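As given, the protein sequences belong to chains U and E, one line each in that order.
Here our numbering is used: position 45 in the first sequence is 73, and no number is missing along the way.
Here our numbering is used: position 255 in the second sequence is 283, and no number is missing along the way.
Source of the hints: derived by calculation from the structure; they are not laboratory data.
Just so you know, not all the hints are guaranteed correct.
Since copy identity is lost for identical chains, a pair holds within one copy or between any two.
Derived pair list, reagent style SDA-like, types lysine to any residue, alpha-carbon separation capped at 20 Å [as the list claims (entries may be wrong)]:
1. 339 / 153
2. 397 / 47
3. 148 / 64
4. 332 / 362
5. 339 / 350
6. 397 / 295
7. 213 / 290
8. 332 / 407
9. 164 / 375
Note that the structure is predicted; figures quoted are calculated from it, not measured.
There are 2 protein chains.
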Amino acid sequence: MPLENLADSVGIVIPQQIDFPEPVVLSSGRTLSALRIVYETYGTLNAARSNAVLVCHALSGHHHAAGYHSETDEKPGWWDYYIGPGKPIDTNRFFVVSLNNIGGCNGSTGPASINPETGKAWGSDFPKLRVRDWVKTQAMLMDALGIDVWAAVIGGSLGGMQAMRWCVDYPQRLRHCIAIASAMKLSAQNIAFNEIARQAITSDPDFHAGRYLEHDTSPRKGLAIARMVGHVTYLSSDAMGQKFGRDLRSGTFEPGSDASVEFQVGSYLRYQGEIFSDRFDANTYLLMTQALDYFDLAREFNDKPEQAFAKTDCQFMVISFTTDWRFSPERSREIANALIRAGRSVSYAEIDSDYGHDAFLIPIERYQKVLSAYMNSIEINGIEV
Amino acid sequence: MPLENLADSVGIVIPQQIDFPEPVVLSSGRTLSALRIVYETYGTLNAARSNAVLVCHALSGHHHAAGYHSETDEKPGWWDYYIGPGKPIDTNRFFVVSLNNIGGCNGSTGPASINPETGKAWGSDFPKLRVRDWVKTQAMLMDALGIDVWAAVIGGSLGGMQAMRWCVDYPQRLRHCIAIASAMKLSAQNIAFNEIARQAITSDPDFHAGRYLEHDTSPRKGLAIARMVGHVTYLSSDAMGQKFGRDLRSGTFEPGSDASVEFQVGSYLRYQGEIFSDRFDANTYLLMTQALDYFDLAREFNDKPEQAFAKTDCQFMVISFTTDWRFSPERSREIANALIRAGRSVSYAEIDSDYGHDAFLIPIERYQKVLSAYMNSIEINGIEV
């Protein structure tokens with residue numbers, strides 16, 4: 029925990045967990061009889077319970093969004109640039125709730141959890157999930173925490189899809205919806221990249237049809253390739269060029285050598301793939317990419333997103349990044365335009381950035397200012413919820 | 029062989045092969061003592077030997093660029109839209125030579141050929157190749173065919189790199205250089221996608237460190253994933269959206285189902301991966317992507333491409349496609365600008381197309397007109413070569 033970061037850090041946080049004894053019926057029709065959710069909170073819930081903000085994580089995220097887990101922890105949570113005292117999601121004002129979604133692999137019930145009916149890990153038997161299942165279980169956590177209405181639900185990428193789904197499924201339970209680098213549905217190209225990732229995982233002989241834990245192994249190589257695909261597509265070409273260029277890690281371009289040349293960018297990607305395989309569960313990756321693919325906000329509204337948004341009373345902030353080619357500004361403009369057609373209040377900001385889709389995780393001055401300004405405008409005093 | 033296509037087809041062609049008895053020293057310093065090149069020719073070499081055009085293939089291409097191999101052949105060669113009587117590369121005027129590059133897997137000496145020193149397939153022992161090795165062996169074929177100077181060397185993508193390398197290595201042996209959807213060097217993003225493809229191949233347990241033929245197998249699944257990555261990145265997002273949208277092949281979006289949903293785009297990609305694995309050799313894929321990565325036209329010219337182009341006397345045509353994001357118009361403009369700085373004659377056309385990098389293989393009216401106009405302007409009569 030670097031000392032210089034303490035002033036605007038939420039400090040050391042302790043993950044909490046809650047076990048829901050009642051069974052929950054999922055959108056697939058299947059029932060989870062044992063459900064644990066791991067979460068963290070930052071800041072203090074006020075007496076009116078009007079300052080709670082839900083942070084929804086993306087594909088590979090988890091509950092640890094801000095602060096440190098110990099004195100020796102070197103890296104803070106995944107959105108620490110944006111959550112903390114004086115930061116855009118200001119923990120001096122807001123009570124922030126961040127959870128590991130079900131199906132995840134960071135403590136909440138997921139494919140690596142024990143299926144109480146078999147006594148073995150769920151593996152590939154874990155029910156298929158949709159974004160609405162995460163929203164439903166987030167609402168269960170909300171109830172358990174004694175929160176009636178979120179001041180805001182906020183998320184980037186897949187997290188933004190959850191924020192939008194909140195508006196549809198619980199229109200009276202949030203006052204602000206902030207969707208960052210998101211989309212109302214994936215493009216064919218996005219689905220294609222997810223399909224490649226899934227093929228890499230399921231083609232790995234260590235996948236064992238999803239029952240790899242019973243074989244005391246995991247499809248590490250396939251998951252690493254899946255992560256490499258994700259990693260490349262979350263960056264812009266310019267950002268990769270600036271970071272790596274054509275620099276070599278080993279070998280030479282000089283004629284007269286038959287040795288393989290290794291580029292820095294290749295070495296970096298392989299490393300990122302390997303450390304991801306150490307920390308992530310392949311079945312969770314499959315579940316989450318499928319939920320991404322299936323999400324289509326307007327599907328049940330005659331493909332008219334303005335009808336989906338018509339039910340909600342909340343206000344919206346939509347943010348996109350210029351070089352994000354997986355969730356391009358065009359997708360965010362579609363959200364903003366649908367909200368305008370629905371007569372909703374929406375702020376839209378397109379942030380100049382070289383960092384591709386990953387920009388939503390990175391400190392960018394204008395993004396910080398825009399998000400700060402919006403969050404500061406959210407009323408938390410004198411609110412009856 | 030569809031009858032309706034015969035009028036402008038080169039008809040049935042028979043692949044030819046040539047064995048070079050003398051050893052050839054490659055850029056790696058290693059020597060190939062047995063070298064076979066498989067090639068096809070279309071049209072007739074004129075008496076002045078001034079109308080020969082060399083077609084260079086891209087990553088997964090081969091010698092069969094035009095016409096049909098038999099009466100029952102359903103598909104013509106890979107560039108049949110552009111090679112034939114009355115077509116842009118008009119076989120009524122030109123004598124077209126198309127070969128399978130060494131290292132390939134369509135008959136020319138490559139990793140699946142027998143290494144005469146061991147009596148076994150070369151496999152991963154095949155020497156590393158660079159674009160200059162292909163140009164050198166293309167010049168050997170040229171000599172064998174009695175051609176002193178090409179009227180034009182033409183290629184798309186990796187083929188365009190070969191055309192440019194001809195200008196540097198044999199500046200007096202070509203009169204026109206046509207580089208389509210190409211680049212003077214790959215970007216970090218391009219290298220990253222190639223690295224993912226290679227990781228998919230080498231991670232496949234059937235790869236056996238490149239000696240899979242000795243194990244009577246091949247890394248089919250890894251090669252299929254490599255092809256899927258290539259396929260998605262050679263298409264534009266818009267083209268994929270138009271072709272597949274979010275259409276389903278199986279399953280349902282209706283709540284209450286736990287079955288996996290299969291999108292058309294995923295099914296299509298898997299199929300493309302599988303048929304590619306049937307026809308292509310994984311070691312060739314590794315070699316060719318490495319040659320792509322290594323290529324850097326200006327590396328030995330102080331990173332100044334105008335110095336590389338300064339030696340040549342030929343004229344240039346550079347073509348790019350608006351939605352090509354792997355070899356973007358910016359890369360082609362860099363070629364054209366370097367040629368202008370070198371005082372060379374260059375025509376540049378940026379073609380509107382939805383089809384991404386694959387556009388160079390597809391019939392597009394303006395592309396056909398531009399290429400026809402340029403090819404028609406090439407003198408073949410009264411030329412002393």
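To see whether the hints hold, each was checked on the structure:
1. With identical chains, the CA atoms of residue 339 and residue 153 are never at most 20 Å apart, being 35 Å at best within one copy and 65 Å at best between copies.
2. Proximity of residue 397 to residue 47 under the C-alpha cut-off of 20 Å is found in neither arrangement, the shortest distances being 38 Å within a copy and 68 Å between copies.
3. Taking CA atoms no more than 20 Å apart as the test, residue 148 paired with residue 64 passes inside one copy only; the shortest distance there is 16 Å, against 58 Å between copies.
4. For a Cα distance limit of 20 Å, the shortest separation of residue 332 from residue 362 inside one copy, 11 Å, qualifies, whereas the shortest one across copies, 44 Å, does not.
5. In this assembly of identical chains, residue 339 and residue 350 lie within 20 Å of each other by CA distance neither inside one copy nor across copies; the values are 30 Å within and 41 Å between.
6. In this homomeric assembly, residue 397 and residue 295 never come within 20 Å of each other (Cα to Cα): the closest approach is 35 Å inside a single copy and 44 Å across copies.
7. Taking the shortest alpha-carbon separations for residue 213 and residue 290, only the inter-copy value of 16 Å comes in at or below 20 Å, while the best intra-copy value is 37 Å.
8. Taking identical chains as interchangeable, the C-alpha atoms of residue 332 and residue 407 are never at most 20 Å apart, the minima being 31 Å within one chain and 59 Å between chains.
9. For the homomeric pair residue 164 and residue 375, neither the shortest alpha-carbon distance inside one copy (26 Å) nor that between copies (60 Å) is at most 20 Å.
Checked against the numbered hints above, the structure breaks hints 1, 2, 5, 6, 8, 9 and satisfies the rest.
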